[in-house]
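Colleague: Sequence:
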Amino acid sequence: MQNTESGEHKATRQCWECLKRRLVCDHTLPGCKKCQKAGKDCPGYGEQKPLQWIQPGKVTSRRRKKDCSPKIYTVPVRETLKCRTFESELNAVPESIREPPTSESFFSQSQAWSVFQPFKSSKVEEWEYLSEPYKEKVRREAAYREASDRAMLDQMFALGGTDKIQYIVRNGLEDEAKAMLKLEPHPLKKLERLLHFIRSHDVPSYDYLSNETSDIVQAVNYFNIRILPLMMLSSSLAPNPALMKFPMGVLYVLPPAVHHTLVCLSLNHYIHSLPPSGVDKSIVTANRSKIIHHRGNAIRALSQYVSKEKTRSSDMSISSILVFMSMELQNPSMADWRSHAGGLNRLIDLRGGLRKLMKESPYLAPTLAVFVLILTTANACSPSWDQLDLCGDPDQNIKDIESVYNILFPYILCPPALFFDIIRISHLRQKASTVLFSGDMDTAHTLEAHDLLTRIEAFSPEDWAQPGEHYDDWLLIGTIYQSAVAIYCTMAFQSLTLFPSTIEMNSMRSVHGDRLLEGLRTGMKTHRLINFMMWPLTVAGVEAGHRDERTRYWIGAQLMELSRHLGTGGPLKGHAVLRRYWQKEEPGWDECFDRPESCVAPWMGG
Numbered sequence: 000m001q002n003t004e005s006g007e008h009k010a011t012r013q014c015w016e017c018l019k020r021r022l023v024c025d026h027t028l029p030g031c032k033k034c035q036k037a038g039k040d041c042p043g044y045g046e047q048k049p050l051q052w053i054q055p056g057k058v059t060s061r062r063r064k065k066d067c068s069p070k071i072y073t074v075p076v077r078e079t080l081k082c083r084t085f086e087s088e089l090n091a092v093p094e095s096i097r098e099p100p101t102s103e104s105f106f107s108q109s110q111a112w113s114v115f116q117p118f119k120s121s122k123v124e125e126w127e128y129l130s131e132p133y134k135e136k137v138r139r140e141a142a143y144r145e146a147s148d149r150a151m152l153d154q155m156f157a158l159g160g161t162d163k164i165q166y167i168v169r170n171g172l173e174d175e176a177k178a179m180l181k182l183e184p185h186p187l188k189k190l191e192r193l194l195h196f197i198r199s200h201d202v203p204s205y206d207y208l209s210n211e212t213s214d215i216v217q218a219v220n221y222f223n224i225r226i227l228p229l230m231m232l233s234s235s236l237a238p239n240p241a242l243m244k245f246p247m248g249v250l251y252v253l254p255p256a257v258h259h260t261l262v263c264l265s266l267n268h269y270i271h272s273l274p275p276s277g278v279d280k281s282i283v284t285a286n287r288s289k290i291i292h293h294r295g296n297a298i299r300a301l302s303q304y305v306s307k308e309k310t311r312s313s314d315m316s317i318s319s320i321l322v323f324m325s326m327e328l329q330n331p332s333m334a335d336w337r338s339h340a341g342g343l344n345r346l347i348d349l350r351g352g353l354r355k356l357m358k359e360s361p362y363l364a365p366t367l368a369v370f371v372l373i374l375t376t377a378n379a380c381s382p383s384w385d386q387l388d389l390c391g392d393p394d395q396n397i398k399d400i401e402s403v404y405n406i407l408f409p410y411i412l413c414p415p416a417l418f419f420d421i422i423r424i425s426h427l428r429q430k431a432s433t434v435l436f437s438g439d440m441d442t443a444h445t446l447e448a449h450d451l452l453t454r455i456e457a458f459s460p461e462d463w464a465q466p467g468e469h470y471d472d473w474l475l476i477g478t479i480y481q482s483a484v485a486i487y488c489t490m491a492f493q494s495l496t497l498f499p500s501t502i503e504m505n506s507m508r509s510v511h512g513d514r515l516l517e518g519l520r521t522g523m524k525t526h527r528l529i530n531f532m533m534w535p536l537t538v539a540g541v542e543a544g545h546r547d548e549r550t551r552y553w554i555g556a557q558l559m560e561l562s563r564h565l566g567t568g569g570p571l572k573g574h575a576v577l578r579r580y581w582q583k584e585e586p587g588w589d590e591c592f593d594r595p596e597s598c599v600a601p602w603m604g605g
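Residue numbers (numbering that gives the first Met the number 0): 0 to 605.
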């Protein structure tokens with residue numbers, strides 16, 4: 000024992016319990032306080048470890064047996080299953096992926112999946128009683144596959160792109176492979192496996208993304224800084240979950256067609272948001288040439304998707320075409336939206352129709368909802384004999400659209416009942432024009448037209464408006480859309496002679512025209528509503544064929560201001576269509592839209 004500076008006696012060694020538990024003993028006498036706190040009897044500090052009482056039957060340690068093979072636990076296999084040999088299946092696996100994976104490798108998960116693929120039994124249900132439910136197993140394996148695919152894409156992008164990897168593998172450049180993979184063993188074989196993955200999954204080349212100052216990266220930054228805040232401001236009434244800041248870290252995961260489309264979108268927004276005067280024309284010209292360049296690259300990428308059987312009607316192709324078509328609608332001067340819409344309609348038909356596609360790929364619902372929105376508003380402003388409808392039964396399509404209208408609503412804020420009336424009016428226009436051109440009349444069409452108008456008149460904006468802080472805004476939206484749809488119904492069916500041009504009918508149209516203009520004057524000054532005034536403003540322009548020049552001038556000025564505010568050329572194209580219509584001095588819906596127009600597609604931020 001030793002005497003410390005404080006005069007207390009301390010032990011010179013640890014107690015046996017602290018030594019056993021590998022703790023720092025406090026050396027207090029007569030017993031360790033740590034043992035007391037732990038509820039144990041301190042065995043003391045003696046030279047010999049004190050004996051400890053063990054309950055009968057309790058064993059604290061055993062000697063290791065010599066020459067004893069480890070016990071193997073097996074699962075009984077049904078006799079109906081015939082297992083294939085490892086050697087025969089291994090021969091079926093490409094030589095480049097036979098090397099066993101390492102835990103540090105980026106390719107281990109993908110390689111393990113590739114090796115596991117040939118061993119999947121065709122009678123998977125035989126094994127269901129041994130493990131988790133089959134559906135959960137499929138989801139888990141799909142998640143592993145997705146994670147491994149992302150890891151492979153991460154590795155490919157970090158290494159510099161497909162072309163560089165292919166060059167090293169083709170020439171057998173071992174030193175370059177070592178420099179690329181740093182401390183990875185067998186680097187050349189790992190690059191071979193990566194190249195095999197790229198080819199088998201049709202991973203496109205992303206070499207053009209290697210430059211951080213490229214147009215694509217600048218376009219994404221522009222979207223996050225300039226376009227997104229405007230979109231978020233308009234979503235204060237109805238939050239849109241699809242609006243979010245574009246993460247730069249996942250840029251390379253998107254297909255090349257979307258990359259080039261983003262450049263066109265951002266440049267279109269920049270050009271159209273410039274002030275009408277005092278702008279250097281050389282800047283506009285240079286940016287327009289970039290738009291043409293990236294638009295061509297996007298079209299070539301889309302053509303590659305559609306030309307391959309494997310990717311023709313894939314989710315990637317459908318979403319890429321929709322994004323490109325939405326961008327085209329924001330620049331109608333060079334847009335061929337009907338060819339894109341027709342092609343997309345064919346792809347949806349190849350997948351079994353709208354309902355089946357939404358069931359198979361529920362994450363495509365926002366994409367398909369935007370497509371429905373484009374078709375609905377564009378068909379309303381196209382000739383009655385030249386409509387582009389979704390494949391399948393119209394009534395069933397309306398039911399399918401109803402199921403996803405909550406996704407569609409934040410893009411247009413139109414009351415659901417009125418939106419579906421727009422679709423029904425377009426369908427009836429198409430049916431009535433077919434009969435009319437044959438020189439016949441169908442009284443059922445006239446009755447259906449009157450039923451539609453009665454339903455629109457019965458709509459109550461006061462009952463639909465959502466109570467709360469923004470009740471006045473909702474009331475204004477309901478009033479604007481009710482008048483706009485009523486004018487569309489009246490003038491469209493008058494052009495097809497389903498409605499007569501009587502004093503009563505013209506008076507009803509005029510009343511709705513006055514109410515629509517009054518609502519638009521307020522809506523165009525409301526920052527939460529201005530982004531949704533495109534279609535109602537165009538309808539007011541068609542009805543203005545019955546009004547004076549002062550009203551027409553105001554509508555034209557609002558369309559030009561809306562173009563700068565939204566950064567899109569759609570309102571400018573709408574103004575051009577209305578100007579041509581006003582010069583005819585022949586009021587009428589089909590007189591205005593004597594050709595398919597895309598200028599009135601709703602603003603979707605791109």
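Source of the hints: derived by calculation from the structure; they are not laboratory data. Do not rely on the hints blindly, as some may be mistaken.
Here are the computed lysine-lysine pairs in the DSS-like style, where the Cα-Cα straight-line distance is at most 25 Å [as the list claims (entries may be wrong)]: (1) Lys39 with Lys19; (2) Lys48 with Lys32; (3) Lys244 with Lys280; (4) Lys309 with Lys280; (5) Lys48 with Lys36; (6) Lys9 with Lys19.
Small disclaimer: the values here were computed from a predicted structure and weren't measured.
Colleague: Does each hint fit the structure? Answer for all of them.
Modeller: Verification of the hints:
{"no.": "1", "hint": "Lys39 with Lys19", "verdict": "holds, 12 Å"}
{"no.": "2", "hint": "Lys48 with Lys32", "verdict": "holds, 18 Å"}
{"no.": "3", "hint": "Lys244 with Lys280", "verdict": "violated, 31 Å"}
{"no.": "4", "hint": "Lys309 with Lys280", "verdict": "violated, 45 Å"}
{"no.": "5", "hint": "Lys48 with Lys36", "verdict": "holds, 21 Å"}
{"no.": "6", "hint": "Lys9 with Lys19", "verdict": "holds, 20 Å"}
The structure fails hints 3 and 4 (numbered hints given earlier, in ascending order).
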